[in-house]
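Peer 1: So the chains spell out like this:
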Amino acid sequence: MGGRDTDVVLLDENGVRCDGRRIDQTRRVEIRAGVLRNAHGSAYIEFGDNKILAGVFGPRDVHPKHMSDTDTGILRCRYHMSPFSVTERKNPAPSRREIEISKVIKEALEPSLMLEKFPRTVVDVFMEVLQADGGSRCAALSAASVALADAGIPMRDMVCACAAGKVADTIVLDVNNEEDQAGQADMPVGYMPNMDRITLIQLDGVLTPDEYKRCVRTAVDGCRQVYEVQKKALADRFFGGGGKEGSGDGA
Amino acid sequence: MVHKTIIDELTRSKITKMLGDGRRADGRGMEEQRPVRIETGAIPKASGSARVFLGNTEVVAGVKIQPDRPFPDVGDRGIFICTAEILPLAHPDIETGPPNPAVIELARVVDRGIRESGMIDLSQLVLEKNKSVMGVFADNSVIDVDGNLFDACSYASTAALLTARIPKWEMRGDAPARVEGEEYDAPVTTIPASVTMAKIGDSIVVDPNQDEWSVMDARVTITTNSDGNVCALQKGGSSGFTYDELVRCSELSVSVGSRVREQIRAKGAAVRGDG
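These protein sequences, in sequence, are chains A and B.
Under the working numbering, the first residue of the first sequence carries the number 1, and numbering increases by one thereafter.
Under the working numbering, the first residue of the second sequence carries the number 1, and numbering increases by one thereafter.
Worth flagging that the hints you see were computed from the coordinates, not collected in a lab.
Just so you know, even glycine gets a beta-carbon here, dropped at the ideal spot from N, CA and C.
Some hints could be false.
[To be verified] Pairwise CB distance ranges, derived in the manner of DEER restraints: (1) B/Glu182 with A/Asp221: 50 to 60 Å; (2) A/Asp71 with B/Asp244: 23 to 33 Å; (3) A/Pro94 with B/Asp202: 30 to 40 Å; (4) A/Lys65 with B/Gly75: 42 to 52 Å.
[To be verified] Anything over 10 Å on all C-beta distances counts as not near chain A; from chain B, calculated: (5) Arg23; (6) Lys131; (7) Ser132; (8) Ile143; (9) Asp144; (10) Ala269; (11) Asp274.
Bound conformation, chain B alone (with noise of 0.2 Å):
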């Protein structure tokens, strides 16, 4: 936002000089989440979904599986397309419209640490090579804002996948047809955890909230899979990181990432036959 009102200035000096002495504003650790809650199957209509409180940020997400045609240079393997939107409802500075940069960003960095870690086997959701896929979208809405969009939609659209079942169709001559009454679990491979860092001043924040987030100087949202490794990265903010700061917040997701990553792989294991 352009603008700045004297609250945000106050806000800022306030957390900027708590900062300095070790402190946040909520209490919370320099590298400490706020609690996440996970509750999946809250939309039966859909084949996956999870409601995702973040503190107090709170996302739906819902997975529909239908048949697609493939992409041209890719007819091998089935979609996946992972979209955001923050609802009107979620805050009073939400318009109604086209989405803006920010939401846009959101939706492109949940997608690609998903699509990147490459949690859904896409080979294994081709009906017939070049001419019909399973396509898998997994879309997000935001109703409630506190802050770090980026992981509460990635941990809500991870949760719905994983528990997802996916109805089964087949080729019936030309055109893919559904097999009543059969579905499988969603072919997942790794499960991505996504980690958004905060830099106000000189410190780095794990998971910043609103007040956060409006102050910060900077971002990056690292997203790191099952094995530990990084699979995806975006910074964003108007101001830069020194190469010394970029591990650390590699390594920081890392830690983080893995206590995120057994509460949703907990989820799955409920719902999964693969446990």
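The shape of chain A in the complex, shown without the other chains (with noise of 0.2 Å):
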């Protein structure tokens, strides 16, 4: 039972959102590719308020050695708020709801990489929320899945992502923070645009069965969005922003 008391007007009579957006609107997404000096991929996005580092090194020997796998790399992931990331001070030791994210996010990125490629190496993926909003998993996932394309990892697709929930008996795209808290679900998911299949989903809240299946698709809907938004930030690292055009001027 998400819905907690509030004064926020989550959804007025318009159907305009208590940040102004409407419903099929997402918040503002940026994402810049290479972003560090030291790490062989990374990105940065600010999705709404979310502010977030992803950095890729590998693929790399495996420490401890045992984790290894003889057959293919391997994934690590690693989500990580910062202690000032948030209104009161986090412990910065990982919690359990970080351990459980980064799990998830591991295994919504693991499908796009080509992995099988680099046997008994590994690829680390650490991410790092500088500041947070609602969404930040999805953001940490669509930043990740930029950096490990940004590293020049095989990839069968990236995975972009975006929330969807029901606020005030409405689906809307994107929850933000308010809206997480006093909203009725919350429903994050990771997708593959090329090869239609959904890497992440997580569902928190009460959904009838026609509610559920609507907000997939707005949730997909979003994730498309996204995708338009990470395509930007590759091209714009490769190809000098120009697009495709740009890429061979000066040589």
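Using the hints, put the two chains back together into the complex; each one sits in its own frame.
Peer 2: Structural data, given as structure tokens:
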């Protein structure tokens, strides 16, 4: 039961949400690729008030060695929140929530990567939430996928992510922090747009079977919007912002 | 587990081959759950308890209820916490030590299903607003592993909670005090039922056993409430689902879940005053 008492009007009579968005609108999303010097691949995402860095290392030797797999490379993910990322200071030690999120993000990225090309190695993905708003796991996952592409890891597809939810008895796209606290349901979704596969999905809150279907479809629409931002970030990184036509200039 | 054995490979090829012919290795139908057996009241020192068999998976759950401080942001609600542990005696591969991510996920998914269903009306467990509330702890111990611990733990905690008797406490001056000899049924609003489905190749099977669990590509656990609405969901495993598959899984979770719910409800009816 996510619904908590609140004075905030989550959805007014004109279908405008507490932060001024329509029900089918995401917050502002911006992604930059290649923001770190030492990481093999990296990305920075601002998703509403989320500010998240993702850094990728590898494929590289596995430590501890017993974790390595002779058939395939392995993926390790760490989603971590900085102590200053939330209103009340967060203990820097990884919480159970962060451990679970790290696990579901890992399992969301794995189907997109061709790690079987790199047996006995590991690809490490580190996601640091510098400032958290609602939907940080989706933002972190979207950034991580861009960072993996930036690192040149062979991929079948990108993974883009966005949440949908139920607020004031309405299915809305991209639940923000207030809506998450006071809303009725939150469903983060990670999606491979070209393979048409949902690789991350969670839900808390009550939905009727019909609302459930609409919620999944709404979230997938949001994922496709994030995918466009991801592509732009990679185009800016490798083609100097000019798209494909800019890539040959000056050579 | 990162380490794959030859046996896993052979098991996988056998299971996938049989699923291709529409059969499961243990003879079940694709949408057939293993037999569920529920015994309640096994641990008299707990306020509520249950021992659940899901096929050969076995879980003991106990509910302890005691006064506690409320969470600062919800001072008008009691506390509900559900945990799960796989005991080292449950399987040769289980090691002692801090819980690994898989066990943390297990506990959190079981907790979420029951919490989000609103099974326990926590607003009825307040002794003094913002100061003292009742805390309800449902702790699961897995004692024999044969796959799908999610559903086994979920049924065990739900049955333990439904049959729990809450000891009566009241505020005396500044501190809560036990009203000796008085207890009441847990304030239950709905009975959640979780159903876990595995995707193996192109097949979806309900309630994967350990062999199926070790070779599956992905899984999804969906909890529904007594109204047949979805209240929690968790996808796991290193592959993805299509939209159509997720819709089908939600329909399966409603139909399979309703049968288990009746079984759990019958256990409650035998014990509870409200029948």
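Peer 1: Determine for every hint whether it applies to the structure shown.
Peer 2: How the hints compare with the structure:
no., hint, result
1, B/Glu182 with A/Asp221: 50 to 60 Å, "holds, 54 Å"
2, A/Asp71 with B/Asp244: 23 to 33 Å, "holds, 31 Å"
3, A/Pro94 with B/Asp202: 30 to 40 Å, "holds, 36 Å"
4, A/Lys65 with B/Gly75: 42 to 52 Å, "holds, 50 Å"
5, Arg23, "holds, 26 Å"
6, Lys131, "holds, 18 Å"
7, Ser132, "holds, 20 Å"
8, Ile143, "holds, 22 Å"
9, Asp144, "holds, 24 Å"
10, Ala269, "holds, 24 Å"
11, Asp274, "holds, 21 Å"
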